[in-house]
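Residue numbers (UniProt numbering), protein chains in the order written: chain A, 1 to 274; chain B, 1 to 181.
Treat the hints loosely; a few may be bogus.
Claimed, not checked - Pairwise CB distance ranges (calculated):
hint, chain 1, residue 1, chain 2, residue 2, range
1, A, P5, B, Q91, 21 to 27 Å
2, A, A50, B, D172, 41 to 47 Å
3, A, L17, B, L154, 33 to 39 Å
4, A, D106, B, L154, 54 to 60 Å
5, B, R90, A, S18, 44 to 50 Å
6, A, G28, B, D172, 53 to 59 Å
7, B, R58, A, E212, 35 to 41 Å
8, B, R20, A, D128, 33 to 39 Å
9, B, A126, A, P5, 28 to 34 Å
10, A, E212, B, A126, 56 to 62 Å
11, B, R90, A, S249, 52 to 58 Å
12, B, R25, A, G59, 43 to 49 Å
13, A, A92, B, E88, 32 to 38 Å
14, B, L154, A, R105, 50 to 56 Å
What the hints assert, rightly or not - Over 10 Å on every C-beta distance to chain A, these chain B residues come out as not near it, computed from the model:
hint, residue
15, I5
16, A12
17, P59
18, S68
19, L75
20, R92
21, L131
22, L137
23, E151
24, L154
25, S161
26, S165
27, R169
28, A171
Stated by the list, open to error - These stretches of chain A come out as covered by chain B in the derived footprint (C-beta under 8 Å, 3 or more residues):
hint, region
29, 12-23
30, 42-50
31, 163-174
32, 189-195
It is worth saying that the hints were derived from the structure and are not from the lab.
Each residue gets a CB set at the ideal place from its N, CA and C atoms; glycine is no exception.
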Amino acid sequence: MTEPPLDLRARTLRAALSRRAPARPAPGFARPYAAIVSMLDALLTDLPEADWTTIAVNGWDTRDLVAHLTATDGLLVEAIAGVESSADDVPARTAELTGRRLPLRDTRRTWRRQADELCDRLGDSDADRQVEMGGFRMCLSDHLFARAFETWIHATDIGQATGRALPPPLAEHVHPLADFGARILPSALVLTGREHPDQTLRLILDGPGGGEWTVPLGSGTADVEPSVRVRMDVIEFCFLAGGRRDPESVRAETSGDPAVTRDVLASVPAFSGP
Amino acid sequence: MDGDIRLRQRLAAGDDGALRLAYDRCSPLVYGLALRVTRSREAAEEITQDVFVSLWERPYDFDPNRGSLRTWLALLAHRRSVDWVRREERQRNLLDTVGDSEPSTLILDMIIAEETGARVRRAVAALPQRLREAVELAYYHGRTYRQAAVELGLPEGTVKSRIRSGLRRIADSLAEEGSAS
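With the rest of the complex left out, here is chain A:
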């Protein structure tokens, strides 16, 4: 093989990075978000115009989905600056942005620029800061996991609708999202009226980014020996949580009281949006 001239490396890298910006540098807890934003941006790079108006999910086309992400990210940017928002603000802001029908290029650019700004505003010490956005009061790191998660789900929607198979995010980015999904499971059970206060779940998620969690099935603590067990692929779990799998038919291995494990699977998507 022939070694290319030495200066070609620098020239090639410079040309590449000027065409597509790398993921925005961000503190650890925002890295899954920054990476998934970059994933979606690469997908949008040369999406033919027709694919921007392909209905991807729930009557929304690509442009609407990107506007929706812009709206919700925007509420988080405001929340960081101290402006709280309620659950109603998410659809209201989305309707406002989709109604504007920005040119396609601006739709993408506005979304990406704001996402980068969001990363720029975060410092390492912000992870535990409590912030209220869209009616949820959580620490900032959880808000960022939720944003990463929604961006991933919609990137997958767009990929599927336009015939492009996206790889899953990196294991180190999937893991905190799966962990977030496992941590909010007790609230999901309470929210959907499926609480089993005396029971504990052993949740085993297989594949890169997976792990094992002991989850109380209600508002209690996880000090009881697990009475039921659910084992499934970590990516399937995430898609289930994103409302993109049917709890009845998703592939999962369960043991223990079937009524309880059914309730667990049915509650995983409780916080999924459109």
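Assemble the complex: chain A is given as a structure, and chain B must be docked to it using the hints.
Relative to the frame of chain A, chain B by itself:
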């Protein structure tokens, strides 16, 4: 290959370290291939740059389930090199430029990896001359069947069948070598 799957995830995630890694691993292959086909340093540099920019900008075009990163980059480099050669020739107006063949994926799959590349070159060198010159014109110098026919002063059909039997022999000898090793 597992390494390629993760590399593509990193490229998709906008990790420029992955681009550097891909360049360091594969640029000799890409540049060497482009240089061999175009016989122009300038063109080979331009093609190398294009290939890696495209990998970075469109990471989803590369599907690790269909073949390795090396195969994919070699395919891109080969396709662009052949285009460059054809463009050059059209400009020089030397030959009839109606393109009538796409490089066979069979041979491209073989040219890919360095180790295979060396075996392919040995297999090509071992061909009888009439087959070898046809294969070399089509695959190393990017000629269409028709251009190769003009250069060899043979009917197009003859050139096509020589290339086909040349490829078959290369495939056979690689398969033999593969099973022997």
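Open item on the list: Just to be sure I understand the hint, the distance between the Cβ atoms of B/R90 and A/S18 should be within 44 to 50 Å; is that true here?
Closed with: violated, 30 Å
Open item on the list: Is the coverage entry for the region 12-23 of chain A by chain B consistent with the three-residue Cβ rule at 8 Å?
Closed with: holds (count 10)
Open item on the list: Can you tell me whether the CB distance of B/L154 to A/R105 sits inside 50 to 56 Å?
Closed with: 52 Å Cβ-Cβ, so the 50 to 56 Å window holds.
Open item on the list: Over 10 Å from every CB of chain A: does B/A171 meet that, or does the non-interface label fail?
Closed with: holds, 23 Å
- [ ] With 54 to 60 Å as the target window, see if A/D106 and B/L154 comply at their CB atoms.
- [x] The hinted range 54 to 60 Å holds for A/D106 and B/L154, with Cβ atoms some 58 Å apart.
Open item on the list: If I take the minimum Cβ distance from B/L131 to any residue of chain A, is it greater than 10 Å?
Closed with: B/L131 clear of chain A: closest Cβ-Cβ about 26 Å, beyond 10 Å.
- [ ] Look at the Cβ atoms of A/G28 and B/D172 and judge whether their distance stays inside 53 to 59 Å.
- [x] holds, 55 Å
Open item on the list: 33 to 39 Å was suggested as the range; check whether the CB atoms of A/L17 and B/L154 agree with it.
Closed with: violated, 49 Å
Task: Interface-negative label, B/L154 against chain A, beta-carbon threshold 10 Å - done: holds, 32 Å
Task: Whether chain B covers the region 163-174 of chain A (at least 3 residues having a Cβ closer than 8 Å to its Cβ atoms) - done: holds (count 8)
Open item on the list: Checking a non-interface call: every C-beta of chain A should be farther than 10 Å from the C-beta of B/R169. Is that right?
Closed with: holds, 25 Å
Task: CB-CB spacing for B/A126 and A/E212 relative to the 56 to 62 Å hint - done: holds, 57 Å
Of the hints listed earlier, those the structure fails to meet are numbers 3, 5, 13, 15, 16, 17, 32, in rising order.
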